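If you want the building blocks of each chain, they are given just below.
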Amino acid sequence: MESLIEAAKRLATGETDSERLVREALDRVAEREEELHAFLTLLPETALADAQASDLRRRAGSPLGLFDGIPWAAKDNLLTEGVRTTAASRILGDYLPPYSSSAVLRLEERGGVLIGKTNLDEFAMGSSTEYSAFGPSRNPVDPSRVPGGSSGGSAVAVAAGMCHFALGSETGGSVRQPAAFCGVVGLKPSYGRVSRYGLIAFASSLDQIGTLTRDVGDAAAVLGAIAGEDPMDQTASTAPVPDYLAAVREGGRGLSFGVPGEYLAEGVAPEVRAEVERAAGLLERQGLTRRDVSLPHTGYALDAYYIIAPAEASSNLSRFDGMRYGPRAEAQELVDAYRRSRGQGFGPEVKRRILLGTYVLSAGYYDTYYLQAQRLRTLLREEFLRAFSQVDVLLTPTTPTTAFRLGENTQDPLAMYMADALTIPANLAGLPAISVPGQPIDGLPVGLQVMAPPLREDLMLRAAATLEEVASR
Amino acid sequence: MAEHGLVARLAALARLELDEAEAARLERDLGAILEHVERLRALPLAEVAATYWTAQAAQDMRPDESRPGLELDDALGCAAARSGRHLLVPGMREDQ
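Protein sequences, first through last, are from chains H and R.
Residue numbers for the first sequence follow this note's numbering, so the first one is 14 and each next one is one higher.
Residue numbers for the second sequence follow this note's numbering, so the first one is 6 and each next one is one higher.
Hints were generated in silico from the structure; no laboratory data involved.
Take every hint as true, because none was put in to throw you off.
On the chain H side, residues computed to face chain R include the following (Cβ under 10 Å):
| # | residue |
| --- | --- |
| 1 | L315 |
| 2 | K364 |
| 3 | V373 |
These stretches of chain H come out as covered by chain R in the derived footprint (C-beta under 8 Å, 3 or more residues):
| # | region |
| --- | --- |
| 4 | 104 to 115 |
| 5 | 244 to 258 |
| 6 | 333 to 345 |
| 7 | 352 to 363 |
| 8 | 380 to 390 |
Sample of chain R residues at the chain H side, in silico, Cβ under 10 Å:
| # | residue |
| --- | --- |
| 9 | A17 |
| 10 | R20 |
| 11 | L45 |
| 12 | V53 |
None of these values were measured; they are calculated from a predicted model.
Ideal Cβ positions, reconstructed from N, Cα and C, are used throughout, including at glycine.
Okay, chain H solo, but in the shape it has when bound:
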């Protein structure tokens, strides 16, 4: 499937129309959805109606933007007014939100055509989409393997050509990791760059909405559409939104980059390390300067994350108790109704994280675990800022390995958590980061990650555009 920007050009010249684009997307869904399970809800009727409305606007000569008439998909933890939203959990039942998330609204206002809601690990907790209560998604490159997670359905939908782009969400790598596994581009903005209003909360100090696209130019376009201040989210940055497409056109020549050795350490497959070194060499040949940088506490980031994120999750998920939404278990007493509704409604990974979060926040353990993790977060952020005083961006692998097989890590939570070891630091520090496909390893996609200082998505996109140009050659 062509990129969003290419499709928009063809719409503008009249070579195609929105209805045709949507029908092509739905045909592709019909061909591969049974095997890949990218979607939890499909919206063919409303999508076709929206496409026809877009075509009418175009024929009437209205000035239309880049997104008007373009088919897209949203992760099913983004609220969509009147459209079933499950977060891939049984506890929400057939929840129909009374309002839409700000990011969804901004794309709808631009005429984007939502074709469906995509699969995820339950409440975005997971790295493979195997923890969806409605069954796993599969990697379109090799369906015996996972697509990554938690935004696995969004990555699959884009990689399999079922839509032109998709929104996902990140708490510890849930956009970049599936993008790397499926061979597409995954962008996590700086914390605060995109409003979180209407994103079902997992860990509020880490959560961000991100993009899954076919290329870096599309990532810049979608980010430009959803970024910016929002009166509905007090943490949304008021900083102006730069012209990200201009950054992509400018490219990375003249920038400096570092490859921190801590990201090529034990646990990272030798082939992945070699691919990063190859990409670094290609960037140097394109006029970027490499300098040595070090981030000594990187190895502790995973530990801090698995204290902070479950702590916040145990608090955020206390609202799901069978009273206001979702099915309620039979019980005579209120507390039993809570316990049973939550016991029956949550899946294994969510329960694991709720208990872990309850533990690290309980009396006697708060200082030992939670406060210690937040202190480490300060060190990680300071190390990043020091590194960014020496270089413009960092280049690392996105994941330690390529996609693993379904079932390989479901019985070993620590092994599953390791899949996010290289993406988590950017979430803890609030940095923007992007995964761009490298040269496949044994036929499987691999991701190259570019990180930049907070709110410097422009620098990140400049480097990523050059990386994209040379890395997959």
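Position chain R against the provided structure of chain H, taking the given hints into account.
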């Protein structure tokens, strides 16, 4: 393995009903995760300030004025049970 009885105490705090097999598995998993993060406890960080948020430019609070919000039927539309303007929930005690 986590300390025996820990999972039951946490499940009670978190209002989470678990069957025996789940509790046994979670005891094993929590033990492994806590053992893994143990090395973080050993780091000398007492003098380092904690970072709870990384927001760059949080907005000012809006004026404290009432304004239209969700309609009642929208807010209660997905509730398991309601009575007029209220959520209907089981009693706090069996005799209620």
